[in-house]
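Participant: Numbered per UniProt numbering, the sequence shown spans residues 1 to 402.
A portion of the hints provided could be inaccurate.
[Claimed, not checked] Have a look at the derived ranges for each label pair, beta carbon to beta carbon:
id, residue 1, residue 2, range
1, S356, V61, 20 to 30 Å
2, V61, R14, 25 to 35 Å
3, A326, R11, 17 to 27 Å
4, T42, G359, 46 to 56 Å
5, D127, V200, 17 to 27 Å
6, T162, A250, 40 to 50 Å
7, T164, V238, 23 to 33 Å
8, A41, A326, 46 to 56 Å
9, T360, T42, 31 to 41 Å
Hints are computed from structural coordinates only; laboratory data are not their basis. A virtual CB, placed ideally from N, CA and C, is assigned to each residue, including glycine.
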Amino acid sequence: MKTYRQLFAVREFRVLFLVQCINIGAYAVASLALGTITFAATGSPVLTALAMFGAPLMRIVGQTLFGSGSDLVRPRTALVLVFTTTMVSDLLQAIPGLPWGWRFALLAVGPLITSALGGSMMALVSDILPPDGFILGRATMNIAVGGMQIVGYGVGGLLLITFTTTQLFLGAAGALLLAVVLLRLGLSDHPPRHAGASVVRRTREVNRALLGSRVIRPLYLTMWVPNGLVVGCEALFVPFAGERAGYLFAVTAAGMLLGDVVVGRFLPVAVRDRLIGPLRLLLAVPYLAFFLVPSLPCAAALAFVASIGYSASLPLQERLVTHTEARARGQVFGLQGTGLMVGQALGALVGGTVASVLGTGPVAAARAMGVMAVASVVVSLALTPGLRRSRPGAAVLAGART
């Protein structure tokens, strides 16, 4: 499977792609609405950032206790539960004057359910596509995420000019209702990948096997830590560029989309696997130039080039599929997604802390980005020996299978 025409000829993939687009767009609109409410009520940038981006930290709890739910529950049922939970949360967030304790409690519910069942989506993609089509499918789903983040935040910003935050929450809930209907009618009722086990016990056993494996652990760490540190650079775009930060966010999204298209669509397996190392370094090295405090056009060019490096995650996930068993695939991708989101949230926190230590203003922000880039490069180089254990042709060590 080498073309988008072949990919979208698979009916269930079309459904999953459309549902993912709806989900990300609705999430962006609801997140913007909650952030707007929070800042208007508190005036606190920290609480606003927590409201908009802090929810993934709750996925640690769900992934630790219930991550195997993605394999023990039928995929269609799991996805319907995830989207229905988020839809109900958005409906409740629409209640005017809802106490802040309840708002943040609702904010935590979605990530908890997603960490337990959300891995079903990418596991299902790997099931319904042939092996040679998985990376193209994964890259295409990445494109849906990146593209709809831009559309969702952009449309949400325009809607806030005319509509209230309550109406934005209701609109997001309505979109998620459409997604639930599409899942229910458009997906076959695939059986669970594993049966006859306690969710908590199975979660603990598989997590221990994955994170204890000398083959799998470096793959996870490579996808989590260097990327998270670079997200720490991106979290400083506003202090660096002020009201023009939107340009930097836009070009990073464009670079990420370009990388996913080229690596996922046009490069053969052997070539993209050999590019893992260069792409990982590309993700961080351009940000080293921020030590020189570049002008906005130069900063945009550097951020665009750097974000192409995110496409290294595609061949890394290809290795992840190769070295894990299908019956644990949901938890494999659930853990990968949880670690990625948590790494990004922590990277943003570390980036902000470094900038605060260095001072205030654009110069401090730029130099903090340089520091985060150095850390990302160092971590990537340190993880290189461990990645050799999973490269094509290397012997699979004991404990790599789940």
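Participant: Now look at each hint and say whether the structure bears it out.
Facilitator: Structure-based check of all given hints:
1. As the Cβ distance of S356 to V61 is approximately 28 Å, the hint placing it in 20 to 30 Å holds.
2. Distance hint check for V61 and R14: the Cβ-Cβ separation is about 34 Å, which falls inside the suggested range of 25 to 35 Å.
3. At roughly 21 Å, the beta carbons of A326 and R11 sit within the given window of 17 to 27 Å.
4. Roughly 25 Å separates the CB atoms of T42 and G359, a value that falls outside the hinted 46 to 56 Å.
5. Checked against the given bound of 17 to 27 Å, the beta carbons of D127 and V200, roughly 25 Å apart, stay inside it.
6. At roughly 23 Å, the beta carbons of T162 and A250 sit outside the given window of 40 to 50 Å.
7. In this structure the hint that T164 and V238 lie 23 to 33 Å apart at CB holds, the actual value being about 25 Å.
8. A hinted range of 46 to 56 Å holds for the C-beta pair A41 and A326, which are about 47 Å apart.
9. Roughly 21 Å separates the CB atoms of T360 and T42, a value that falls outside the hinted 31 to 41 Å.
Checked against the numbered hints given earlier, this structure breaks hints 4, 6 and 9; the rest are met.
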